[in-house]
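*Asks:* These protein sequence lines map, in sequence, to chains A and B.
Per this note's numbering, residue 1 is the first one in the first sequence, and the count goes up by one each step.
Per this note's numbering, residue 1001 is the first one in the second sequence, and the count goes up by one each step.
Any given hint could turn out to be false.
[As the list claims (entries may be wrong)] Under the rule of at most 27 angstroms between Cα atoms (straight-line distance), these lysine-lysine pairs were calculated in the DSS-like manner:
| # | chain 1 | residue 1 | chain 2 | residue 2 |
| --- | --- | --- | --- | --- |
| 1 | B | Lys1187 | A | Lys131 |
| 2 | A | Lys88 | B | Lys1023 |
| 3 | A | Lys182 | B | Lys1221 |
| 4 | A | Lys129 | B | Lys1150 |
| 5 | B | Lys1221 | A | Lys129 |
| 6 | A | Lys182 | A | Lys107 |
| 7 | B | Lys1023 | A | Lys129 |
Hints were generated in silico from the structure; no laboratory data involved.
Spelled out, the chains give:
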Amino acid sequence: MAMLEVSDIHTFYGNIEALKGISLEVEEGEVVTLIGSNGAGKSTTLRSISGLSPPREGSIRFKGQEIGETPPQDIVRLGISQSPEGRKCFQRMTVRENLDLGAYMRKDDYENDMTRVFDLFPRLKEREKQKAGTMSGGEQQMLAIGRALMAQPELLLLDEPSMGLAPILVERIYETVAEINKQGTTILLVEQNANYALEVSSRGYVLETGAVALTDASSKLRENPDVQAAYLGGG
Amino acid sequence: MEAAPVNVTKSAPLAAVGSFLGKYGLILVLLVMPVAFGIDDLRTDGNLTALGQNLVAGLSNGAIWALVAVGYTLVYGIIELINFAHGDVFMIGSFVAFGLYGVFGLTVATGALGLAVGLFAVLLVTMFATGSLNVLIERVGYRPLRGAPKLAPLITAVGFSFLLQNVGLLWLGGSQAGVPNLIDQAKVVFTVAGVDITRGDILALAATAPLVYLATTFIRKSRLDKAMRATAQDPEAARLMGINVDTTISLTFLLGGVLAGAAGLIYALYQTTVWFFQGFTAGLIAFTAAVMGGIGNLKGAVLGGLIIGCIQQISDNRVGQEWTPVIVFAYLILIMVFKPSGLLGEETREAG
Ligand SMILES: Nc1ncnc2c1ncn2[C@@H]1O[C@H](COP(=O)(O)OP(=O)(O)OP(=O)(O)O)[C@@H](O)[C@H]1O
Ligand SMILES: [Mg+2]
Chain A
1 MAMLEVSDIH TFYGNIEALK GISLEVEEGE VVTLIGSNGA GKSTTLRSIS
51 GLSPPREGSI RFKGQEIGET PPQDIVRLGI SQSPEGRKCF QRMTVRENLD
101 LGAYMRKDDY ENDMTRVFDL FPRLKEREKQ KAGTMSGGEQ QMLAIGRALM
151 AQPELLLLDE PSMGLAPILV ERIYETVAEI NKQGTTILLV EQNANYALEV
201 SSRGYVLETG AVALTDASSK LRENPDVQAA YLGGG
Chain B
1001 MEAAPVNVTK SAPLAAVGSF LGKYGLILVL LVMPVAFGID DLRTDGNLTA
1051 LGQNLVAGLS NGAIWALVAV GYTLVYGIIE LINFAHGDVF MIGSFVAFGL
1101 YGVFGLTVAT GALGLAVGLF AVLLVTMFAT GSLNVLIERV GYRPLRGAPK
1151 LAPLITAVGF SFLLQNVGLL WLGGSQAGVP NLIDQAKVVF TVAGVDITRG
1201 DILALAATAP LVYLATTFIR KSRLDKAMRA TAQDPEAARL MGINVDTTIS
1251 LTFLLGGVLA GAAGLIYALY QTTVWFFQGF TAGLIAFTAA VMGGIGNLKG
1301 AVLGGLIIGC IQQISDNRVG QEWTPVIVFA YLILIMVFKP SGLLGEETRE
1351 AG
């Protein structure tokens, strides 16, 4: 049994059907990536899993438990946390306050996770008392990921962690993603930047207009001419 | 461009004055009336008794505004809605309390112990009633409009305000209704330096202080403060953190309603009259108090309420009652224009 089993979900925004029957699986310990062009439904898939946009049809099972209708505040308690599209840091709170909120539902002492996040992102440590709204886009991206980690997730959902980052930082972020995975967190990763995503992941799904167009091992996807033409900027 | 450094050095003292005024200007303006009349007292009477008397009465009245203001400030702080119906929830609180006097058989003849127990029961039931009413208003009137433009819930709020006012009108008629003066509120308990402290004063402050303390403690212990701030800044992200946004907003309305109910009872005991329109004036005054303290800030609302109470009292007593609304709202406008963050509010938002 896979850790996450998404089967044939249909998710709507009003009358717009954004997901037209998506199925995917994530095994424990894996990094799996979703790639696809703008509007393909990548973010919507993550929003469906985390409960922000629950699917109208289909099923989502996490560790065997159906979570398709579970609200987001309960899903995070089950062990899924998300670094959302657009980062959504609490702008008028400091870095530390944001991280504290990441651990909002935890009753135990989470200071060691705070240290871990600061080790992964030393920049956040330097900016501990700075308001999130005054930080650069890249710093806010680190904060969003760090905040998601504070929930101590078993499954981490990352929506375009390289968005708007300088190439050197993209590399850093991906090293960190690999590091987080090595430390034991399963990751489902959404990316436009397919190069890095396919490098760090073991398997990938290619989404097109709300459906899975293709799925394969990441190494195979990298060599697939169609994928190269469409998402890797090759020809 | 080249002239810029020169300008900076030249205007440095001016800038310092500016920043001083920005920080303390509001406090200075607020001190004008008490100081002026204090000097006047000293000149004519040789002491500050008259001013002291004004301030005591002002604090007692202000305690009522403070309790109402908390409801405005919390709700605004979390969903950026000026809950116009809030003053009327306070009015309903007074009416419910008055009604409960009859239910519990409380009259001016009731003994001290009976009165204490009875009034405590009235307080609890009133708080429950207004708390539930406020939660209900949010549930039916505001929650369905959460995704809508800000104007939509504002209009519903005005609608609820009229609705409650008309409930009040049907309930006790269009004129002031006398309420039994259960505690003989004007009776002087003791005198400090010539300033009389009445039973009403003691009741108002002795009831308000623990309520505010309990409310702030509850908010901190339940971590409602964190949940409220997160919800205010980004409800979706708040949900991802494990915060139940609906519950958080309901609790905020519950708390506001509960305190408004307590204020309603204190008002009935202190003023010994109630009427359907009291919520309108109280609402405007309490809203001004919330803005003065820094909208969204609980302690600010309490402080603002107490200050407005004093301003009102001084104005009623020294300038003339007909001027009081003018003075209070002149303050509101001054604050809105020159210091919208109020006394304790967050400074203006960072760029971006
Ligand atoms: N709030 C919304 N209301 C209506 N339609 C929406 C909403 N959010 C997304 N959509 C639509 O759903 C579809 C999928 O959007 P989604 O955000 O999942 O795409 P995406 O793959 O993440 O794209 P991108 O790479 O640009 O982030 C799009 O056609 C989009 O227009
Ligand atoms: Mg997206």
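*Asks:* Evaluate each hint against the coordinates.
*Replies:* Here is how each hint holds up against the structure:
no.	hint	verdict
1	Lys1187(B) <-> Lys131(A)	violated, 53 angstroms
2	Lys88(A) <-> Lys1023(B)	violated, 32 angstroms
3	Lys182(A) <-> Lys1221(B)	violated, 37 angstroms
4	Lys129(A) <-> Lys1150(B)	violated, 32 angstroms
5	Lys1221(B) <-> Lys129(A)	holds, 23 angstroms
6	Lys182(A) <-> Lys107(A)	holds, 25 angstroms
7	Lys1023(B) <-> Lys129(A)	holds, 23 angstroms
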